[in-house]
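> These are the residues of each chain, in order.
Number of protein chains: 4
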Amino acid sequence: MDVDKKYFSNITTRERAIFEGAISMGALFHQFVGTPVNKYTKNGLEKSMEDSLRLQPAIEDVNVKIRFDKLKESMTEFDYTSLNGDMLDVKIYAKVDNVKAIIRIEFIEELNYPLMYVENITED
Amino acid sequence: MDVDKKYFSNITTRERAIFEGAISMGALFHQFVGTPVNKYTKNGLEKSMEDSLRLQPAIEDVNVKIRFDKLKESMTEFDYTSLNGDMLDVKIYAKVDNVKAIIRIEFIEELNYPLMYVENITED
Amino acid sequence: MDVDKKYFSNITTRERAIFEGAISMGALFHQFVGTPVNKYTKNGLEKSMEDSLRLQPAIEDVNVKIRFDKLKESMTEFDYTSLNGDMLDVKIYAKVDNVKAIIRIEFIEELNYPLMYVENITED
Amino acid sequence: MDVDKKYFSNITTRERAIFEGAISMGALFHQFVGTPVNKYTKNGLEKSMEDSLRLQPAIEDVNVKIRFDKLKESMTEFDYTSLNGDMLDVKIYAKVDNVKAIIRIEFIEELNYPLMYVENITED
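Chains as they are written, first to last, in the working numbering: chain A, 141 to 264; chain B, 141 to 264; chain C, 141 to 264; chain D, 141 to 264.
If you're looking for bench data, these hints aren't it; they were derived computationally from the structure. Take every hint as true, because none was put in to throw you off.
Stretches of chain A that chain D covers, calculated by requiring three or more beta carbons in the stretch to come under 8 Å of a beta carbon on chain D:
hint	region
1	183-189
2	195-203
Computed list of lysine to aspartate or glutamate pairs in EDC-like fashion (alpha-carbon distance at most 20 Å, straight line):
hint	chain 1	residue 1	chain 2	residue 2
3	B	240	B	144
4	B	145	A	250
5	B	212	D	250
Think of the CB as a built atom: it goes at the ideal place given N, C-alpha and C, for glycine as much as any other residue.
From just these sequences and the hints, can you work out the full model?
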C-alpha cells in the first residue's frame, strides 16, 4: 500500500511536516510527564526521550532540555520530582521531502503555560 | 500578549488547524494508552478522553471509540486489559477561524499500525 | 492455574492487600498525571480514574479527589491545566480475604511531596 | 518531620518493603507503556526506566528487560512499536532496614497477562 498516496494526498508537504512534528510533540509531553527525575538522571532521560520520539514517522531529530531551574523549583524532600510540562524545552525537527519544520515547546511566563508552536518552517 | 500574532503568524489557518488537532491526537494516544479497561468501563473512559482533550486549544469536538473487537482480543484472565493503540478509533475536530480539520486515528490491518492522518479539511 | 497458590503463597494476607493496593496507587499516579483538566471536567475525570483502577486485582473501591485549590493554583491562560501529583487526594481500598487496606496519597506541605502510605489496615 | 514514624509505624518492615516496591512497579508500567521503541532503542529505554524508578523511596535497584520476542511480534510497517505490558520483564529490588523484597512483573502465557508478584523476600 502506498500510505502517502492513500492517506496524505489531501494535504501539502508543509502541512504534512507540521502534522507529523505536532503528533510527536503531543506524544512526548503526555508520554513522559510524571517520570521521576533529578539532576543525576536528567541527561539520561533527555536522551531517552529524544531516541524514542525520533522513531516516529518523518521525525529527523529531537532536542530535549529539561529546564534545571524548573526542576529545582519543584524538588522535594526526597531529592527527586516528577517531570512536568513546565520543565520542557524541546525542539522536534520534522522533514517531509523538501520541507523542514521545527516544532517547539517552551514555558511562557506570561501565559503560565508550556506553549507548543511552529518555531520555523523552510522549503529547500 | 497576542499569542496568535506572536507565535502563529508564520503558518496559515489550515496549517494551524492541522497543528492543533495533531498535538491533541498525539496527546490522547500517549496519555491514555495503558489505562485499565473492560466492557463495563469502556463508555465512561471514552467520554473522559473526549472531555479531557476538548479542553486543548482549538479543539471543537472529540469522538472516541474503543474498538470492542480489539478489546476482546486482548482480554485477560482477570476480565480487563490495558488500553492499547490498536483499540483506538478517534476523530478530533479542530477549528481555527473558517477552517475545520478532522484528525483521525484508526488501526490499519495492512500496516499492523494505528495510523494518524488528516481525514478531512474544509474551509467555509 | 491457581495463581494465588503459585505466585502469592510466600506473603501473608495483610502483605497481599498492601501489595495490590500499592500497585494500583502507583498505576493511578503515573497513568493520569498529565491529563488536561479544569473545573468542569474534574468530576468526570475523578470518576473515570476510580472506574479504571477498580478493575485491578483485589481493588474493592477507589475514591479520587482532585484538589480544587491546587487545580486553581496551576491554572493557565487557556482555562485548563495538566493534572499533577500535588492535586491528588486518593484512597484505594484493597481487600484480600479478611484484610482491608486503605492506601492513601495526599500532598504533604512539609515535604512538598504527594506522599503515598497505608492509611489503615484491618482484619475482620 | 519523621516521615517513617508519622506515616509508616502501622506496618511492619516487610510490609513497607513490599509497599514501596509495589508502588514503583505500578508506576513503571503505567509511566512507560506507550513509549515508541525498536531494537535499536531498547537498551537505552531499559536503562532510562531503571534510572527513573531507582529514584523512588526505598528502591535499591531495578532491572528492566524488554522482551525481544514480544517486541518483534508487535512490530509494524514503520519499524517501531509502542511498548506494551506484555513485553515487560522487570525486577524491582526494594530495601527497608534489614528486609529486601524483589517485586517482579513477567508475562504469563496461561493468564495472557503480565503478572506482578513478590518474587522473593528476605530478612538479614
